[in-house]
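As a plain string of letters, each chain reads:
There are 2 protein chains.
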Amino acid sequence: MSKGLPKRSEDYSLWYNELVKKAGLAENSAVRGCMVIKPYGFAIWEKMQQSLDKMFKDTGHENAYFPLFVPKSLFEAEEKNAEGFAKECAIVTHYRLKNDPDKQGKLMVDPNAKLEEELIVRPTSEAVIWNTYKNWIQSYRDLPLLINQWANVVRWEMRTRLFLRTAEFLWQEGHTAHATKQEAIDETKQMLEVYAEFAENMMALPVVKGVKTESERFAGAEDTYCIEGLMQDGKALQAGTSHFLGQNFAQAFDVKFADKEGKLEHVWGTSWGVSTRLMGALIMTHSDDNGLVLPPKLAPIQVVIVPIYKGEEGLAKVTEKVNELKKQLTSNGISVKYDNRDAFRPGAKFAEWELKGVPLRIAVGERDLENGTVEISRRDIEDRKEAKKIVNMDNVLEEVQGLLNDIQDNLHTKALNFRVENTREVNSYEEFKEVLESKSGFISAHWDGTAETEEKIKQETKATIRCIPFDSKLEEGTCIYSGKPSKQRVLFAKAY
Amino acid sequence: MSKGLPKRSEDYSLWYNELVKKAGLAENSAVRGCMVIKPYGFAIWEKMQQSLDKMFKDTGHENAYFPLFVPKSLFEAEEKNAEGFAKECAIVTHYRLKNDPDKQGKLMVDPNAKLEEELIVRPTSEAVIWNTYKNWIQSYRDLPLLINQWANVVRWEMRTRLFLRTAEFLWQEGHTAHATKQEAIDETKQMLEVYAEFAENMMALPVVKGVKTESERFAGAEDTYCIEGLMQDGKALQAGTSHFLGQNFAQAFDVKFADKEGKLEHVWGTSWGVSTRLMGALIMTHSDDNGLVLPPKLAPIQVVIVPIYKGEEGLAKVTEKVNELKKQLTSNGISVKYDNRDAFRPGAKFAEWELKGVPLRIAVGERDLENGTVEISRRDIEDRKEAKKIVNMDNVLEEVQGLLNDIQDNLHTKALNFRVENTREVNSYEEFKEVLESKSGFISAHWDGTAETEEKIKQETKATIRCIPFDSKLEEGTCIYSGKPSKQRVLFAKAY
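Residue numbers (my numbering), protein chains in the order written: chain A, -3 to 492; chain B, -3 to 492.
These are calculated hints, taken from the structure and not from any lab test.
A hint or two may mislead.
What the hints assert, rightly or not - Straight-line C-alpha distance at most 30 Å; calculated DSSO-like pairs for lysine-lysine:
| no. | chain 1 | residue 1 | chain 2 | residue 2 |
| --- | --- | --- | --- | --- |
| 1 | A | K94 | B | K76 |
| 2 | A | K333 | B | K76 |
| 3 | A | K99 | B | K130 |
| 4 | A | K76 | B | K94 |
| 5 | B | K454 | A | K322 |
| 6 | B | K83 | A | K17 |
| 7 | A | K110 | B | K345 |
| 8 | A | K53 | B | K43 |
| 9 | A | K110 | B | K231 |
| 10 | B | K345 | A | K43 |
| 11 | B | K50 | A | K293 |
| 12 | B | K345 | A | K256 |
| 13 | B | K345 | A | K94 |
| 14 | A | K185 | A | K469 |
Unchecked claim - The following residues of chain A were derived to be distant from chain B, with all beta-carbon distances above 10 Å:
| no. | residue |
| --- | --- |
| 15 | S9 |
| 16 | S47 |
| 17 | E58 |
| 18 | N59 |
| 19 | K94 |
| 20 | N95 |
| 21 | Q243 |
| 22 | K259 |
| 23 | I297 |
| 24 | K333 |
| 25 | F346 |
| 26 | G398 |
| 27 | S434 |
| 28 | K469 |
| 29 | G473 |
Values in this document were obtained by computation on a predicted structure and should not be read as measured data.
Ideal Cβ placement from N, Cα and C applies to all residues, glycine included.
All chains, full assembly: derive it from the sequences and hints.
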């Protein structure tokens, strides 16, 4: 099944594309830049959604739904935001097709059905949401407003890659309104913590938390906080962002509230989002040359059971035992698939579930029935012998629970070790370029704080400042590029 | 709180619109015909989604996600389907905005960014999905393919109403492919049963199951099955449809499979969907002049507890007891809201939760603490005295569980009685028009089976054939309009 999957060391990018397709996660569609998320890939996304949705609700947020379209006049109201997205917008101009008089059976856009005002397919929903909040907020009693939406958005990207950069993608976008600046900042930080916790705990993805430089900020934000992960090929991936919007959108859409003294003030805003891009991060953090590797907490199938048998009678005997096992595991909240397809041999099944990243595989043979044992194999260990273990039938539940926890931890540890090994402090531009060229990874270096230097380094090396980490300590230094004084190291990397 | 809500008897349509807005369910947006689904309304929709999603998965379906856009050439491939939706399509023609040279700070569509091929915002996804299935299906082993997607769709309606008919709406659309005609028909029927079970059991909405006439069929289907509910004003509402597509889309998109003998054949298809329209059905089945009435199984808040107290100390005493109660109810799976807002009086809170349709209200006063009692009031009984009950503190859980079940049943019974009372057999066109004029409701009548008669009746009376009920027995009769022979009664009504 994994035949045809290239090795990561040979062509990481090709390996990624092939893996996404072969593991049944997603594929390109007939629509330029838009993907089809296939059932297995969507099942992982659903697990992400459920987990995040609970975290949002536990922190007091409610879901709602706002329109797909943004009238041009609303879209352009917050100028920076509009400017940031104007070049990648899908625009609806007409609302009707008609029969093409020149081509039988074909349709054409009806020129008489031109919209008076063009509609932008939302690239993000600040405009349409803040225009709504104007009517929802009058008094301090209406605040805070803590709302999230799960939605599709469209950004007309020229170079697309499955999950990482697609014209249409799925995401959640939180949009909150507050009475004070401090409360909005606290919300921005809280949601970044939620994202970090989700990444570390559910995805087993270690992330650096920090703040973006001005040039990397969300268009229309005063500050953008982010979590950044490091992929196996040494490139960084921005996994989530949380924006402090200041009063920008409140001013653009005239959203004011009366405080306790009756004084009218503009409200303070935040927005925050993660998208199907997380799928790309998940894949590129854990997977190997044999296919996908999934952390148990996000695996749609945590355990696959493969029967080893001869003939119908053999299968029936094995199945009887497997059904017991399956029931026991399932009733303990473990998701189990019994692969009893007769048209495939065990080896082919092993390869398929390996490709699909199922954390644990249990093989149950006729001989096992006699011995009262099963063979459990874990997906996260590449050495096949080391990955296997013979387990007493009576201990399967306990073993499986232990192994699932162990795999979740092990994946996180491996990824964290990788990041630690691939985060390097450099003190000169020569060294910077050398490391970037030979090893890639995160580079911690001094920067003079100017957009000019940042831009020059980007042009010369393709590395960008991923963030100024929250835990970056103050230290005197000199900018690797300009030699000007700097008080703090920032984190550079090439990025997805 | 319910001030300003018109009476149903005075203006049903206005009552509906006002209720949707005042109960916090939805409102119109700045985008023509598109609605904002507000948090409380969305919470109800989420409960519907969860319940339906489980039913789909329990019947073997998986979720996936397909693109928002349909290239025009794919859209027009299945001609009947294309024709059916061509007049109500939002069409993307450009992919970039630019600064308007004539108006500072304004944007305009960049004429240089015209798409080579226009993209239709999906009004339904058969085209894009069948075009994908072509690559997923080669052999009988790939069948059946049982896929569902939750998505937004756009149909450019000229006259819109919140939930009932909006340009953008949320829905699920199932799309399945099968090796045999019979299997596809069975799937079509199975999904209609799923919808009917959901409507009856979760929404407390009695529905008639039946098949549409040819003129009312989904564009591109061979047969459309439907569930039809009767609203309080005597108008019918189509609550869900399940389509047997025959081989139409398989032919249009060239989807063939090799059967066991290796012979290539076109596959058989179905599609089925329900939408946010169900929210309208829910509202118009149960609600009253005081506001929304929700069946407990779909109520985001099943029990609201209102404290009756004087001063901070009084509130503290009541709260202590309420927290115990709340914990007990919550740990038994009941969703509880404790409304301890100090800025509102109990009367205002009662009215607000009545407007929002919370099934049970518990009032806990300082005197109750002495007596060891609480007052429980049920939302489904209009007579306020009759709705109330004094209950011993120790029996609250049991009472609440009993009452929630009772309300769920009572709402269904009331709605069913209403439908039975408002379903009338008529045997002449005079009688038909008379009943339609004076009483409305479902009318069971003989029809000659021609589209011509159906259309004439529609033009003259605005009544349409809602369906040919599955349980309509064969009986000799004459068409009320043409006098021609008929073998079966069909169900007419004016409809949403």
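To see whether the hints hold, each was checked on the structure:
1. For the suggested pair K94 of chain A and K76 of chain B, the alpha carbons sit about 13 Å apart, so the restraint of at most 30 Å is met.
2. The hinted pair formed by K333 of chain A and K76 of chain B fails the criterion: a straight-line CA distance of about 41 Å is larger than 30 Å.
3. For a cut-off of 30 Å, the pair hint linking K99 of chain A to K130 of chain B stands: about 26 Å separates their Cα positions.
4. Among the hinted pairs, K76 of chain A with K94 of chain B is consistent with the structure: their alpha-carbon atoms are about 13 Å apart, no more than 30 Å.
5. For the hint linking K454 of chain B to K322 of chain A, the alpha-carbon distance of about 57 Å lies beyond 30 Å, and the restraint is violated.
6. The straight-line distance between the Cα atoms of K83 of chain B and K17 of chain A is roughly 36 Å, outside the 30 Å bound, and the hint therefore fails.
7. At roughly 48 Å between alpha-carbon atoms, K110 of chain A and K345 of chain B are farther apart than 30 Å, so this suggested pair is violated.
8. With a C-alpha separation of about 14 Å, the suggested pair K53 of chain A and K43 of chain B falls inside the 30 Å cut-off, and the hint holds.
9. Between K110 of chain A and K231 of chain B, the direct Cα distance comes to roughly 34 Å. Violation of the 30 Å bound is thereby established for this hinted pair.
10. For the given pair, K345 of chain B sits about 37 Å from K43 of chain A by alpha-carbon distance, which is inconsistent with the 30 Å threshold.
11. With a CA separation close to 20 Å, the supplied pair K50 of chain B and K293 of chain A stays within the 30 Å bound.
12. With a CA separation close to 22 Å, the supplied pair K345 of chain B and K256 of chain A stays within the 30 Å bound.
13. Distance check on the hinted pair: K345 of chain B and K94 of chain A sit about 53 Å apart at the alpha-carbon level, beyond 30 Å; violated.
14. Distance restraint check for K185 of chain A and K469 of chain A: the Cα-Cα separation of roughly 19 Å lies within the 30 Å cut-off, and the hinted pair is therefore satisfied.
15. Chain B leaves S9 of chain A outside its interface by the beta-carbon criterion, the shortest separation being 23 Å against a cut-off of 10 Å.
16. Annotated as non-interface, S47 of chain A keeps its C-beta farther than 10 Å from every C-beta of chain B; the closest such distance is 15 Å.
17. Distance to chain B contradicts E58 of chain A as a non-interface residue, since its nearest Cβ pair spans about 4 Å, not more than 10 Å.
18. With a cut of 10 Å on Cβ distances, N59 of chain A falls inside the contact zone with chain B, its closest approach being about 5 Å.
19. The non-interface label for K94 of chain A is inconsistent with chain B: the shortest C-beta to C-beta separation is roughly 7 Å, within 10 Å.
20. A Cβ of chain B approaches the Cβ of N95 of chain A within 10 Å, the least distance being about 8 Å, so the stated non-interface status is violated.
21. Non-interface call for Q243 of chain A relative to chain B: holds, since the shortest CB-CB distance, roughly 19 Å, exceeds 10 Å.
22. The Cβ of K259 of chain A sits about 19 Å from the closest Cβ of chain B, beyond the 10 Å cut-off, so the non-interface label holds.
23. With a least beta-carbon separation of about 12 Å from chain B, I297 of chain A lies farther than 10 Å from that chain, consistent with its non-interface assignment.
24. Residue-level check passed: K333 of chain A sits 13 Å from the nearest beta carbon of chain B, beyond 10 Å.
25. For F346 of chain A, the requirement that its beta carbon stay farther than 10 Å from each beta carbon of chain B is met, with the minimum near 19 Å.
26. Every CB of chain B lies more than 10 Å from the CB of G398 of chain A, the least distance being 29 Å, so the non-interface label holds.
27. Against the 10 Å criterion, S434 of chain A stays outside the reach of chain B, whose nearest CB is about 39 Å from its own CB.
28. Interface exclusion of K469 of chain A from chain B stands, the closest Cβ pair being 42 Å apart, more than 10 Å.
29. No beta-carbon of chain B is positioned within 10 Å of the beta-carbon of G473 of chain A; the least distance is around 40 Å.
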